[in-house]
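S.K.: Taking the hints as your guide, dock the two standalone chains into a single complex.
Residue-level listing of the chains:
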Amino acid sequence: MMMNVMKSIGWMMGLAILSTESIAHAGDKHQYGPYPANYAEECGSCHVPYPPQRLTSAGWETQMRNLQQHYGSDASVDAATNRAILSYLVANASSKEKSAPAEPTARMTQTRWFIKEHGTKPPKGLAFSNCAGCHTQADKGDFSERTLKAPAGWRHGD
Amino acid sequence: MHRTLFFCLLRFSALALLLGNSGFSRAETPQFFLDEYQQAAKSQNPGFKGFSVAAGERFYRNKHGGDWSCASCHTDNPAAIGKHVVTGKLIQPMSPSANPERFSDAAKVNKWFKRNCNDVLKRECTPEEKGNLLTYLITVK
Chain A
91 MMMNVMKSIG
101 WMMGLAILST
111 ESIAHAGDKH
121 QYGPYPANYA
131 EECGSCHVPY
141 PPQRLTSAGW
151 ETQMRNLQQH
161 YGSDASVDAA
171 TNRAILSYLV
181 ANASSKEKSA
191 PAEPTARMTQ
201 TRWFIKEHGT
211 KPPKGLAFSN
221 CAGCHTQADK
231 GDFSERTLKA
241 PAGWRHGD
Chain B
5 MHRTLFFCLL
15 RFSALALLLG
25 NSGFSRAETP
35 QFFLDEYQQA
45 AKSQNPGFKG
55 FSVAAGERFY
65 RNKHGGDWSC
75 ASCHTDNPAA
85 IGKHVVTGKL
95 IQPMSPSANP
105 ERFSDAAKVN
115 KWFKRNCNDV
125 LKRECTPEEK
135 GNLLTYLITV
145 K
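Chains as they are written, first to last, in our numbering: chain A, 91 to 248; chain B, 5 to 145.
A portion of the hints provided could be inaccurate.
Claimed, not checked - Not everything, but these chain B residues come out facing chain A in the computed CB check (under 10 Å): (1) W72; (2) C77; (3) K115; (4) W116; (5) K118; (6) N122.
It should be emphasised that the hints constitute simulated quantities derived from the structure, not laboratory data. Quantities reported herein were computed from a predicted structural model and do not represent experimental measurements. Even glycine gets a Cβ: it sits at the ideal position worked out from N, Cα and C.
Same shape as in the complex, but just chain B (with noise of 0.2 Å):
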């Protein structure tokens, strides 16, 4: 009986350990990702000057030759309430000013990045893409 209870109790320690481990992970900031992206986008182009919020702002806009850009769902504003352009749901605002969830969790951005840039632009987004997107965002409150 009580070798049975001490299981148990061992087996959901276990549990609490592993969802504590990935509920309450080290949070992220912007910061983190921009320093991440710099790293990336100069070790694939010596030539890399910085990001650009203007050329983030165009990325954000651009339909990139096919049917939806980032604003299609997330609208002109990214410091605003998003709409799904087809579904309606409502999407929280992806500024991090404005939403400071945005940009806290690296599975998170990593699988929201695969997921949108192949919608919008049907490959993966480049480190240089990624890193002017968010010094964009991050200038929008």
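Only chain A is shown next, with the shape it has when bound in the complex (with noise of 0.2 Å):
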């Protein structure tokens, strides 16, 4: 009993530091990081881990129901676990028009801000589905601009 007393006092701590960390990123509007570990294991295997601020919560609630037909893959979870990621990705959704779905799959890629970032033609070679091809820290969830890369001539935009 005792010890689990104190490993309880452990994961206390640990959750503790987790969330403050994640409320010290929050005022970077460039820092997504760092993700919790259900959402960067089921969500950061194919691609890497979004960052649910950059969609809306109608879109990520499109994304979660369609799993099992995911852009060409099936990417189902379980259903306990899909319920856990929804409600991270609606709470730190976007409630921004320009966040929301343009396309029935709700795609990022296709959302008014993407579009304005980056324009419709990713870098030769690269999909848009690949961020860490120039957001060289992307899977941490750090998409500054310290830390891209983009490959030399490409117009951002185009």
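M.R.: Written as structure tokens, this is what we have:
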């Protein structure tokens, strides 16, 4: 029992540190990480975890409802994991119209915000789903200018 | 006050137990999965003779009539770091010799077989296919 209590206190402290860290980053609009472990694991294996702040909750609901047909891949997760991840996404979602879905599958790359920032043609040999192709620390949720390395000659917004 | 503290601790002990059970569950081994697939293959097909490295390798490289093979993302060498064919995301090696985390957690193994078999074959994989594949993966160092 004592061990369990000690363990619990350890967990509480761990959780507290994690949440303080998220709050510390929340002020910087290019810092979205660190992501919760379940989100990074389930939605960061085939692509980097995408920032929850860059799609509206309606968009995330569409994404999480259609995981079995996820752009040509089965990305399904069990029901409990789905609920947990969706609540994280919704709690951190954008409320701005420019981040609202623009087509039925709610691609983030089709939102007005994304197109304004990136245009509609990705750099040669890269897909827009490959954030880390230019945002070198995207896997950690760091999209700052400092870590951005777009290929030479690529015109942002073309 | 003491009551509140007690309940608070009680709640967090429950949480720790829950996390403890899911986070540090008994690790499975590749052999555990081979045994499971063998048993299932035998019960589906009484003539089942055992798994084959060659059949596993063919399965790994075959596109099975679709666009992707296992090798499309996990590369020609399953002991090397893979790269997702669309998103460019790096994927740690599939071979348990190169990456001991592979085939050590039943929930993960079942989840990924379900997803990736749907991606490549548009259906679930049979126990025989899984067993052949794992038999091949184990040999790649």
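S.K.: All the hints need checking, so say for each whether the structure fits it.
M.R.: Checked hints:
no.	hint	verdict
1	W72	holds (9 Å)
2	C77	holds (8 Å)
3	K115	holds (8 Å)
4	W116	holds (9 Å)
5	K118	holds (7 Å)
6	N122	holds (4 Å)
The earlier numbered hints are all upheld by this structure, with none contradicted.
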